[in-house]
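Q: The lines below spell out each chain.
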Amino acid sequence: MSQPAPRASSSPFDEYVVPEIPVLYRVALSLTRHSADAEDLVQDTLIRAYRAIGRFDGAHPRAWLLTILRRTHLNRVRVRSPVLLKDGDGVTAALDRAGVASPAAEDVVVDELFDDAVADALASLPQKHREVIRLVDLDGLSYQDAADRLGVPRGTVMSRLHRARRRIRERLDEEGLAPRLTERGM
Amino acid sequence: MMRLTRSECHHVARVLQAYLDGELEPPSARRVAEHLEACRRCGLEASTYLAIKTAIATTASPPVDEDAVTRLRTFAAGLSGPSR
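Chains as they are written, first to last, in my numbering: chain A, 2 to 187; chain B, 9 to 92.
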């Protein structure tokens with residue numbers, strides 16, 4: 002009977018989480034490469050975010066949500082594909098050690114700087130490197146499908162991809178944004 | 009406990025991208041996963057590249073499946089709606 006309240010102001014979940022759904026889905030698609038898996042991953046992320054929204058301070062919602070999404074993805078992969086990432090796998094452990102998987106306030110701030118640095122580095126890459134990044138990381142193509150799309154051997158896709166990511170990694174190193182073993186008491 | 013060797017780290021460095029992209033065959037993927045569990049340096053390297061993949065997908069703007077986004081918005085409304 003009552004008039005529905007404007008969604009943007011009706012709850013922190015609606016204000017901070019719902020607007021980020023397209024970004025969450027895009028990232029989920031990049032990580033899973035399958036639309037159905039991506040939707041499942043975002044749903045799990047939304048559930049976790051809903052449960053945790055009471056403890057969220059409202060700062061950097063996208064970084065906070067992406068951290069939840071990444072952690073959820075690793076947990077799902079570990080459970081579903083024990084061959085690929087068995088229990089206690091190194092990636093999850095390393096993420097925890099690096100603080101990448103725990104959405105503490107200082108980490109999400111670093112995440113935003115990190116994202117900006119990656120975007121800058123990506124923009125500075127040669128076209129053929131950006132192209133292969135787009136096909137694999139954004140469109141979710143396999144190496145072979147990307148190779149077929151570009152009309153190059155699979156090995157060329159791999160070498161361009163590796164070179165492109167290494168360039169981005171080097172840029173992060175230069176800006177002091179790549180995690181280091183010496184940080185966090187390791 | 010796996011004995012860590014420099015050659016093992018070099019091998020993992022060569023195949024890490026393919027591992028993170030899900031392109032390795034299961035036996036190779038298992039070997040990499042075991043190494044990442046045991047080797048902090050390689051594990052951290054893996055986490056960095058995973059974060060790069062995530063950041064790329066976050067900052068770029070490819071077309072998004074609007075139907076999927078609509079379904080997820082409906083799902084989100086279902087989470088927050090009934091309690092109010």
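For the record, the hints were derived by calculation from the structure and aren't laboratory data.
Mixed in with the good hints there might be a few duds.
As the list claims (entries may be wrong) - Simulated DEER-style distance windows between Cβ atoms:
1. A:Ser125 - B:Pro34: 34 to 44 angstroms
2. B:Glu33 - A:Asp140: 19 to 29 angstroms
3. B:Arg14 - A:Arg150: 29 to 39 angstroms
4. B:Ser36 - A:Lys129: 41 to 51 angstroms
5. B:Gly89 - A:Pro127: 41 to 51 angstroms
6. A:Ser125 - B:Pro35: 33 to 43 angstroms
7. B:Arg49 - A:Asp121: 20 to 30 angstroms
8. A:Ala120 - B:Gly86: 30 to 40 angstroms
Unchecked claim - Stretch-level coverage of chain A by chain B, calculated; a stretch enters the list once three of its residues show a Cβ under 8 angstroms from a Cβ in chain B:
9. 55 to 61
10. 146 to 154
The model shown is predicted, which means the values in this text are computed figures rather than measured ones.
Just so you know, even glycine gets a beta-carbon here, dropped at the ideal spot from N, CA and C.
Q: Does the structure break any of the earlier hints, and which numbers would those be?
A: Failing hints, ascending: 4, 9, 10.
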